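Generate the whole structure from the sequences, applying the supplied hints.
Under the numbering used here, the first residue of the sequence shown carries the number 2, and numbering increases by one thereafter.
Mixed in with the good hints there might be a few duds.
Simulated restraints on C-beta separations [as the list claims (entries may be wrong)]:
(1) Trp30 x Pro69: 35 to 43 angstroms
(2) Thr43 x Gly127: 27 to 35 angstroms
(3) Gly70 x Gly32: 35 to 43 angstroms
(4) Asp55 x Arg137: 31 to 39 angstroms
(5) Gly32 x Leu124: 19 to 27 angstroms
FYI, nobody ran anything at the bench for these hints, they're computed from the structure.
Here the structure is a predicted model, which is why all the values come from computation and not from measurement.
Glycine is no exception: its CB is placed at the ideal position from the N, C-alpha and C atoms.
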Amino acid sequence: MRCAVSILAVVATTGLATADLVNPDIPSWRGGVGTSYAEFDTFTQAFAAPNFADVGGGGFSLTNNGAPGTATIASSGNIYGFGGPLSIQMSSLGPISTPAQAILNVSWGGNMIQTGAGDVQALFGGVLYDATTELRDSEASPFGGTVDTWAFTFDFSGATPGVGTLELFFGNDLANGSLDAVSIDVQSIPAPGVLALVGLAGLAGRRRR
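As structure tokens, this is what we get:
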């Protein structure tokens, strides 16, 4: 295993071990009213600075909060944790309406992402939400190990309607992990004020008839 990880370290830094999302969970509601979508296929900041989406409408940043000096950007655009675990935080760039559901897809290689209970979480309105987890694809790497695509689904049923910042957290617990690509889809519930305006518009329409 140590040999495989050592080889992976060389590959990650030379940019040969790169992967995109394979068979991600794409919700049927993507692109609909009240939804947002962002995808990160390459990264430019290894630590303590935000990365921004290069596909989709944006709306989220992604930051590695692992220990200083333990991660780098491979020439392939991956975030590679050569000296310690990766601790990833995603944040909406501004307040959003209360989400109904969010789907996070992650492509990860090397020492793997933690996927147990409480390892992948979302925070909204001061409440933490756990994800349901599905392995969507696992590709053997010629350099040892696998590159996996995971889907994490968050259900925000019961969340108090309003607006706030949505944050997501995931990572691993060993060095030599590689974050390859990420996508996030969010379906939001209209804020109470919007619902009130829609209701008033409906009443006005009925009165005109």
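Against the structure, the hints come out as follows:
no.: 1; hint: Trp30 x Pro69: 35 to 43 angstroms; verdict: holds (39 angstroms)
no.: 2; hint: Thr43 x Gly127: 27 to 35 angstroms; verdict: holds (33 angstroms)
no.: 3; hint: Gly70 x Gly32: 35 to 43 angstroms; verdict: holds (40 angstroms)
no.: 4; hint: Asp55 x Arg137: 31 to 39 angstroms; verdict: violated (21 angstroms)
no.: 5; hint: Gly32 x Leu124: 19 to 27 angstroms; verdict: holds (25 angstroms)
The structure fails to meet hint 4 from the earlier list, while all remaining hints are met.
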